[in-house]
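Could you put the whole structure together from the sequences, leaning on the hints where they help?
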Amino acid sequence: MTVRPLRVCVFGDSFVAGVGDPAHRGWVGRVAERALAELPVDLTVYNLGIRRDTSSDVRARWPSEALARFSREYDNRMIVSFGVNDTTLQNGTLRVEPAESESNLAAILDVAASRGWPTLVVGPPPIADEQQNARTAALDERLAALCHAHTVPYLHTFSHLVGATSWMREADRGDGAHPGAQGYTDLADLVCADITAWLGTSADSVGGRV
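Position 187 of the sequence shown, counted from 1, bears residue number 605 in the working numbering, the numbering being contiguous throughout.
Bear in mind the hints are in silico, worked out from the structure with no lab data behind them.
For every residue, glycine included, the Cβ atom is placed at its ideal position computed from N, Cα and C.
Treat the hints with care, since some could be wrong.
Per label pair, the in silico range of CB-to-CB distance [unchecked claim]:
hint, residue 1, residue 2, range
1, T462, L507, 22 to 32 Å
2, S577, L512, 20 to 30 Å
3, Q508, V529, 22 to 32 Å
4, E456, E548, 33 to 43 Å
As structure tokens, this is what we get:
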């Protein structure tokens with residue numbers, strides 16, 4: 419069996435980086451481990467999460483970081499996940515307005531599509547702050563609608579993790595935002611099947627390799 423060389427860049431914030439996980443695996447490491455066990459691929463996953471990054475920060479840095487890791491001989495994919503830092507108040511104002519968050523994601527998706535890099539988006543999770551969660555929930559729906567218009571898969575996490583969940587309990591016991599190992603395991607459980615199925619599909623069938 420031919421082993422497909424698959425390279426995946428995961429761009430985002432501290433939740434992508436796995437901040438709070440004592441094993442430093444986060445949801446990205448857990449999903450990568452399971453996907454590698456299930457798929458006949460030569461898989462390399464680059465975790466490119468940066469703490470406090472907003473959608474504007476990711477938009478500014480992602481092209482050069484992807485180009486440094488991708489090659490025409492690979493099946494190159496991108497996973498993008500941000501939003502919580504966009505909805506954070508700084509000096510009384512949002513760090514990124516919702517319309518700008520949408521514009522940032524649209525620009526990322528358009529450039530990725532033009533390069534033939536299939537993209538999947540993981541929505542922002544909740545934190546231990548009800549007021550910010552209301553803003554994040556609204557942004558989550560806006561980003562999902564944008565992805566639908568771009569025919570890009572969007573995986574909701576907010577509605578599954580908010581409430582009486584391990585994610586929220588660990589975030590509340592920690593720094594108010596980041597969970598521990600169980601919270602990241604629960605998020606990985608939410609998205610793993612969809613991400614693995616997407617990675618297992620040929621690039622041509624998911625809009626890649628133009």
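Can you let me know if the beta-carbon spacing of Q508 and V529 is within 22 to 32 Å? At 27 Å between Cβs, range holds.
Assuming the hint says 22 to 32 Å, is it satisfied by the Cβ distance from T462 to L507 or not? Roughly 37 Å apart at Cβ, these two residues miss the hinted range, so it is violated.
Given the range 20 to 30 Å, decide if the beta-carbon distance of S577 to L512 lies inside it. holds, 21 Å
Starting from the hint 33 to 43 Å, judge whether the C-beta atoms of E456 and E548 obey it. holds, 38 Å
Against the hints set out earlier in the document, a violation occurs for number 1 only.
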